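Colleague: Sequence:
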Amino acid sequence: MKNVLIISYEFPPIIGGAGVYAHDLAIGLVKNGHQVSLLTYKTPRNEAFLASFEKTYGIHCYTIPEKKYVHFYLFFRQLKKIVKEQSFDTIIFSDARAKKMGALFHPALKDLSARSLSVLHGSEKASFFEKPSFLLRAFGMQRRMLNFLQQQKKIVVVSEAEYELWTKTALKEKLLLIRHGIDTDIFHQRTPQQVSAIKARLGIDPDRPVLFSASRLVKEKGQELVIESLPGIVAAVPDLLCIIAGSGAYLPALQQQVKELKLEKHVLFTGGVAREILSDYFAVCDLFILPSQFYESFGLVYLEAAACGKTAIAGNRGGTNEAVVNDVTGYLVDPVSKEEIINKVVTVLKDADLRNRLQTTAYTRALSEFSNVTMAGKIINI
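The numbers in the sequence shown follow the working numbering, run straight up by one, and end at 1341.
No lab work stands behind these hints, which were simulated from the structure alone.
The model shown is predicted, which means the values in this text are computed figures rather than measured ones.
Keep in mind that the hints are not guaranteed to be accurate.
Computed cross-link-like contacts, DSS-like style, restricted to lysine-lysine with a CA-CA straight-line distance of at most 25 angstroms [said to hold, decoys possible]:
| no. | residue 1 | residue 2 |
| --- | --- | --- |
| 1 | 1112 | 1131 |
| 2 | 1158 | 1178 |
| 3 | 990 | 1218 |
| 4 | 961 | 1090 |
| 5 | 961 | 1133 |
| 6 | 1040 | 1131 |
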């Protein structure tokens, strides 16, 4: 058994990719038989969640208060206190703020370097090195971050697309590709009886085909084009219900678009939902769709759908081709092509044999290659 400390300012229930990663990694490590501690921040929004997380998994949660201008110092001070109290075999700097703290206070943390590693999620190359903010430049963050990362045991990247970007840097010898894994306690397949019960609880007509989309609601995530495609889809699947989960500044524009297209009977906005409820929506849908126009570093949400036994349609940019294998576990489409979206959605919804084949392959692949237990097992053996 090894003793592991994960540092992540971002952590559920406040949703963000790096926070979800830290959560899923911690659980995966516990399931592999290791002792895990977490250093994060505490507010009224996450206090109850952290208490439940600690009790359920036996993970000790060290916290700092949410202080806007001094959180890096508070992080550093708490870290120094923790490592005096406990001896850790591995220390993982998970999110961007954890790595910024490590870089700012690197001279005082050098004794931790040989047993520490950082995880790169997708935005770090631009925000740390290519387009740093004025404040980061003022603190010499590019130089500090490079020194910090070069001294670590390894640098984990979560997708092949991200790995390729970093191989062109001075850090290439430190890189190790370990893909993000899914928390299969949350995202799992349901029985037909369970699906019926969830539909009843959510107020979904059991006879309606369900198209589901979930993400932050920003223009580039693709919900606008999904809604624009709905008249063509509804022409072929008249009783379709499209459920869109998520919150964001673009929600009013999407709601107005639905009104203008007179699609109120076919679209349901849920707002932001907890991951457990997200899993319920995956369970009741017939097809998941997120034709993102972003250069996604990976596309974890498609694998979460797959772990619930559902196939997905994704945009063909960035690392989504690692999460969705075209014509094997789902489809990759041009995320600005309404015609492609209509064609693939209608094809999958109308062809039950095809849908079942894609779903079965997606589910099998998600569980065999992308569980958080598998991910954690690889990381602990670095």
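Colleague: Please name the hints from earlier in the document that this structure breaks, with their numbers sorted from lowest to highest.
Modeller: Of the numbered hints, 2, 3, 4, 6 do not hold.
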